[in-house]
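Position chain L relative to chain X; hints supplied.
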Amino acid sequence: MPYHYSLGVQHFHFADLKGLLAKASPARSGDYLAGVGAQSNVERMAARYCLANVPLKDFLQDPVIPYEDDEVTRLIIDSHDTASFSLISHLTVGDFRNWLLLASTTSQVLASVARAITPEMAAAVSKIMRNQDLISVAKKCQVITRFRNTIGLPGCLNARLQPNHPTDNLQGIAASLLDGLFYGSGDAVIGINPATDNLSQLSELYFWLDDFIQQYAIPTQTCILTHVTNQIQLIEKGVPIDLVFQSVAGTEKANKSFGISISLLEEAQAAAHSLNRGVLGNNVMYFETGQGSALSANAHFGVDQQTCEARAYAVARHLSPLLTNSVVGFIGPEYLYDGKQITRAGLEDHFCGKLMGLPLGVDVCYTNHAEADQDDMDNLMTLLATAGVTYLMGVPGADDIMLNYQSTSFHDTLYLRQLLKLTPAPEFASWLMKMNIMDSQGQLLTVAQQHPLLKTMSGVI
Amino acid sequence: MAHAMARDAVHIPLNVQSLSDAMHERQWETLCVSSRVKDRHSYLLRPDLGRRLSDDACTRMSEYKPQEPIDFLIVVGDGLSSSAIANHSIAVIELIKCHFPKDWIMGPIVCASQARVAIADEIAWIWKVPMVAILIGERPGLTSPDSLGIYFTFNPSLESTDADRNCISNIRPQGLSYEAAAKKLIWLARQAALLKYSGVKLKDESDITMLNG
Chain X
26 MPYHYSLGVQ HFHFADLKGL LAKASPARSG DYLAGVGAQS NVERMAARYC LANVPLKDFL
86 QDPVIPYEDD EVTRLIIDSH DTASFSLISH LTVGDFRNWL LLASTTSQVL ASVARAITPE
146 MAAAVSKIMR NQDLISVAKK CQVITRFRNT IGLPGCLNAR LQPNHPTDNL QGIAASLLDG
206 LFYGSGDAVI GINPATDNLS QLSELYFWLD DFIQQYAIPT QTCILTHVTN QIQLIEKGVP
266 IDLVFQSVAG TEKANKSFGI SISLLEEAQA AAHSLNRGVL GNNVMYFETG QGSALSANAH
326 FGVDQQTCEA RAYAVARHLS PLLTNSVVGF IGPEYLYDGK QITRAGLEDH FCGKLMGLPL
386 GVDVCYTNHA EADQDDMDNL MTLLATAGVT YLMGVPGADD IMLNYQSTSF HDTLYLRQLL
446 KLTPAPEFAS WLMKMNIMDS QGQLLTVAQQ HPLLKTMSGV I
Chain L
5 MAHAMARDAV HIPLNVQSLS DAMHERQWET LCVSSRVKDR HSYLLRPDLG RRLSDDACTR
65 MSEYKPQEPI DFLIVVGDGL SSSAIANHSI AVIELIKCHF PKDWIMGPIV CASQARVAIA
125 DEIAWIWKVP MVAILIGERP GLTSPDSLGI YFTFNPSLES TDADRNCISN IRPQGLSYEA
185 AAKKLIWLAR QAALLKYSGV KLKDESDITM LNG
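Protein chains in written order, with the numbering used here: chain X, 26 to 486; chain L, 5 to 217.
Please note that a few of the clues may not be correct.
Each computed DSS-like pair below joins lysine-lysine, with the alpha-carbon atoms no more than 27 Å apart [as the list claims (entries may be wrong)]: (1) L:K106 <-> L:K132; (2) L:K106 <-> X:K281; (3) X:K278 <-> L:K132.
Listed below are several chain L residues computed to face chain X (Cβ distance under 10 Å; list not exhaustive) [unchecked claim]: (4) T34; (5) L48; (6) E142; (7) G179.
No wet-lab data here; the hints were simulated from the structure.
Small disclaimer: the values here were computed from a predicted structure and weren't measured.
Built from N, CA and C at the ideal position, the CB exists for glycine as well.
This is chain L alone, in the form it adopts within the complex:
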């Protein structure tokens, strides 16, 4: 049964409409885009296409270009578990907004379907946003079909690699709590804004700073 649930988490598509409806109810501005992948089979075999925006999405993003400069962007991507996004993304974003620095501007929430992690870097790069975090469904385990991950990049571009990103993983009620994940993300973002980099050089010492500060 656990294997069956994990298989379904991979193959059942994310309901983008109900996700963006739930966001609109909270007065959040959203933009829905998709990657260059056509279907789930090619999503699994062609991660390169899942990392890039479709031509249509690129055009729509350029047209939508926000007026004021954005400091920080949240992207939501289905990844390998649509149920992770459906179950946890709204609650985590609420808490991120709660801890969000007052003097920063957050852009609209971009919902990306058939997405891999790196798609967030392209999205932020198009709008020239210096910081981006993608909430994405992690590959499902037998006891965790709906685990959420967050990847954060400072100064994202098409050349960004894994070494440029910080990862917060295993976000779900039985794993890392929503609150802890949101706090960690904001801590990383504040440090990155100060140091002007993210990734392997940016060490998570959030508890020390939180204690001292």
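The following block holds chain X by itself, in its conformation from the complex:
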């Protein structure tokens, strides 16, 4: 269905909803790479005015990618919660923004409509929201998940400990792991991006990690970020896997380029459930996403990258994950050119994910070929922590020596917890106190040379 908007003597024509969404999107290199971005600032503003008048119901009648062609669209439409949609079904995109900002639209109300909000609705409303709107609405959304601890409680800032090593050297991994734990990182997950795809090496790593957290009774979960088919095979071989990881995207074709489908993810979830390793809950999946992944796989179908990203959250939401994070600056400058674009995208992703009911964390990051630096990361992590982001990454020195990108450090999480009076997950905080790593005020303690955790290092050496 075409859309029109008149601004004085100028008339703007938008061929369909996906075209309108793309033109209304804040400027970013990926949308220009795809040839879908607004051609002028005036066209962008006209598209936003026009989008504000679009009824939310239109998004159900005019999917951005046809129902027949794409299993993600089918998932979005078939799983739409029509009962709770009745609360917001009369609204336009503009009304929806105003409604989200009302004080009477509380955390409970937002949770009750999460499954009535399709990715396209979330993306659309974000495009007419300024950064402070994205922060204040996301802050109201509460998404709580559980495995061996509780993720996403108000007043908490969780962290993924990411002890990657370029050759999966156990000594190197152990050093980063202990460094992170002594900084209070690792309550979201201890998650390694391995250099290897080799199944027997992966298996060794899983057993080593599992032994480690059992030995010290650490109330957290582990994950190794290898392809989902590897993890299914390893579960079948009896390898102890807590969380199953996979990168997901917002179109069937993009997921196919990752070698996955929704049914494969369902199979993986069932495999992880069969191990029954969760103590407090059964959220067994961990997903990563990022704007630009669909375009990168040449599978965006003319849909802008932020809308594609929100569609990836529909895939994630279907599998009730413990954790999902956007890796916002990872993909490079052809999608998000500089610090400004990365910052905006990080806030949009967090808002859309939370609004749709996902436990959204953000890997606040950049690559060395983007126009960004550590100050941009400081800004974005502080904004996101203010917005109630579920978790951030913890990498030694903020420099991932395996994946070659700049993320956030253990110290960054500490800075934010102290600045904004946030705590780790309660079960993990108790463990940190029991281990004499943190005191009851959340202050880090000096680690004694004979600290029991340091035995691990001597074992590995």
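Using the frame of chain X, we list chain L on its own:
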């Protein structure tokens, strides 16, 4: 300083002449081509152009068409770190040649500038080569401005996607050794030739097979 070195690795162009001179010294046949990208700024913003050969390169490749059928092709591409190629590519190719199956024919080494990974699939597709590996500069990290990656595709075409490729990453003295990378690549190629596919379905079980075999 580390950030500065990483930034330079991205922006300093690959010296194609000295690379191909070094290859000629070793009696290796080479062909130099470039992608459709004009400069570094557009390289960063237009990965689609970096994945495709320039018209001139297509013509030259067609003219150069080798006489005997090639089994395996090596492409060298600058990618995001010219220093990775300058520092490591020759040594890695020497070892690949060392472990290369005797009954396979390796084509000339194609040096591609302003290249993204997928350019190798087009290069191999033009010459109808069933297996291709591209050695390419990975995006630079603070402690690793010169990390090399290898992407391998069986039956490459313009339709090949990431799911069709196997990746060996972080090749440099402080990371994965040249020897281990070369062995892994040949293992993957032998398996792919047997199974007739590469990518996510082709699992790296090289150590098991090497132990058993």
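Hint check results:
1. With a C-alpha separation of about 20 Å, the suggested pairing of L:K106 with L:K132 holds against the 27 Å cut-off.
2. In summary, the hint linking L:K106 to X:K281 is not supported, as the alpha carbons are separated by about 36 Å, beyond the 27 Å threshold.
3. Only pairs whose Cα atoms come within 27 Å are accepted, and X:K278 paired with L:K132 is accepted, the gap being roughly 26 Å.
4. Residue-level restraint check for L:T34 is violated (minimum Cβ-Cβ distance to chain X is 27 Å; threshold 10 Å).
5. The criterion of a C-beta within 10 Å of any C-beta in chain X is met by L:L48, whose closest approach is roughly 5 Å, and the hint holds.
6. Below 10 Å, beta-carbon pairs count as interface contacts, and L:E142 has one with chain X at about 6 Å; its hint therefore holds.
7. Evaluation of the L:G179 hint against chain X yields a held restraint, the C-beta minimum of about 4 Å falling below 10 Å.
Hints 2, 4, counting from the list given before, are not met by this structure.
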